[in-house]
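Produce the entire structure from the sequences given, and follow the hints as far as they go.
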Amino acid sequence: MNVINEAAVSPQKGWMGNVDQGQILRISGRSVIDFNAFKREDIREYFDTARTRIYNLNMYPTAGHRLFSKQNNPMMQIIEDGFSGVGLHDLQSGHGCAEGMLSVLAPLEITYEDLPDPLGFFRNLDITREGRIRPKPKGPLTDVSIDLKAEIDLVCAIMNCPAAETSASGADAFITILQP
Amino acid sequence: MRTVKQYVAPKNTGWATEIQAGQVLRLTAQTIIDFVAFDLYDFSEAFDQAPTKEASNCMYLKRGQTLLSRKNTPLMTLIKDEFEGIGTHDLQFGMCGRARHKRAAEEGRLGEYLHGNNMDLPDHGCAENLTGALEPWGIPYENIPSPVNFFQNMKFNQNSGCMERTQIRPKRPVNLELLAERDLLVGFSACPDMASKTRGLDVTATVVEIT
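Going down the list, the protein sequences come from chains W and H.
Residue 180, in the numbering used here, is where the first sequence stops; the numbers in between run on with no holes.
Residue 211, in the numbering used here, is where the second sequence stops; the numbers in between run on with no holes.
In short, the hints are calculated from the structure, not lab data.
Hints are supplied without guarantee of correctness; some may be wrong.
Below are the SDA-like pairs computed for lysine to any residue, each with C-alpha atoms no more than 20 angstroms apart in a straight line [what the hints assert, rightly or not]:
(1) LYS39(W) x VAL24(H)
(2) LYS39(W) x ASN143(H)
(3) LYS71(H) x GLU99(W)
(4) LYS62(H) x LYS39(W)
On the chain W side, residues computed to face chain H include the following (Cβ under 8 angstroms) [said to hold, decoys possible]:
(5) ARG51
(6) ILE54
(7) ASN58
(8) GLN71
(9) GLN92
(10) GLU113
(11) ASP117
(12) ARG129
(13) GLY131
(14) ARG132
(15) ILE133
(16) LYS136
Keep in mind the model is a prediction, meaning the values are calculated, not measured.
Heads up, the beta-carbon is just placed ideally off N, CA and C, and yes, glycines get one too.
Take a look at the structure:
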């Protein structure tokens, strides 16, 4: 696979970039990473947590699951999940660093009202049988990766957002875009 | 208590109205209601599932909990819940609708989603009902948040995270009461509720003033 693009993302910093249909976005790190994605040709179509939960009929995104848009279309598929068996990615919480994500997305002129809820990679949660949600800081001890294959042309964005209560490290995150 | 206004939403239709801070919205139903709320003067202050769950640390909406906006502004508080003890209100799902039903049918997953593979699907659902109801206020589909799904009971597996719809609904119409924490625009859809045995019923909405 050819590396199309690489970036290191410091804590409290973000990244935004294009991922073309068929390319793989690899996100590596060990702190909480908030993720959003938009259809490139019409950013009013965006990654949506509720549709993603319902189409996968699952609360914890992992390998094999697809990310869906508000308009009910598939956007990406998770093809590798290095956090599997260590912890769970989060489809329940809001943005840990909303202001930061808004500045990352500034070129798209995304306002607060247009900022969709994120997928929180590496933010481990515990949900009890009664439905109680408990943050359970349990980041990976070493860098792990999650690979997402784009099903359409996308603009993707992350915030390396080590929220105080869940931050294991405040370490850099790494973005790699691969062309199979 | 004085009734300010009342509306009966027929099955698989929507309604929206403005209500004032301190007024109470009573919803009387035994079917799923997809419900959203906005600050009346700033529609960017829209109900948001994620902050609501973060504040309550709970994946269901329960009595005493407050619907929050994306910016953590309190919008409404659930002050009465006659479904309590029977089932739970959902903060996981989005809205049913034409696009969702079409995809489910194409994927051969209607049974998994809706408890039945052979059914006549309506040509619209909550997505279209809420879009239509909120259209007079100029709110497009993409700015309608994922709703509170009242009476949408579901089970989940704590370990796998798998979610399963249930057919648990109130056996007779019961009341929910939501206190407006500020002046609001509220909207809802009387869901066609294709997963239930009834396949949708009317919803009565009453705005009351505590005198």
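Do the hints match the structure? See the list:
1. LYS39(W) x VAL24(H): 39 angstroms, violated
2. LYS39(W) x ASN143(H): Answer holds: LYS39(W) to ASN143(H) is near 16 angstroms, not above 20 angstroms.
3. LYS71(H) x GLU99(W): Holds, because 11 angstroms separates the two Cα atoms, which is no more than 20 angstroms.
4. LYS62(H) x LYS39(W): Not satisfied, since the Cα-Cα distance of roughly 35 angstroms exceeds 20 angstroms.
5. ARG51: 5 angstroms, holds
6. ILE54: 5 angstroms, holds
7. ASN58: At about 5 angstroms, which falls below the 8 angstroms cut-off, the nearest Cβ of chain H leaves the hint on ASN58(W) intact, so it holds.
8. GLN71: 6 angstroms, holds
9. GLN92: 5 angstroms, holds
10. GLU113: 3 angstroms, holds
11. ASP117: 4 angstroms, holds
12. ARG129: Holds, because the Cβ-Cβ distance from ARG129(W) to chain H comes to roughly 5 angstroms (cut-off 8 angstroms).
13. GLY131: Since the shortest Cβ distance to chain H is 4 angstroms, the answer is holds.
14. ARG132: Given a least distance of 6 angstroms, the restraint on ARG132(W) holds.
15. ILE133: 5 angstroms, holds
16. LYS136: 12 angstroms, violated
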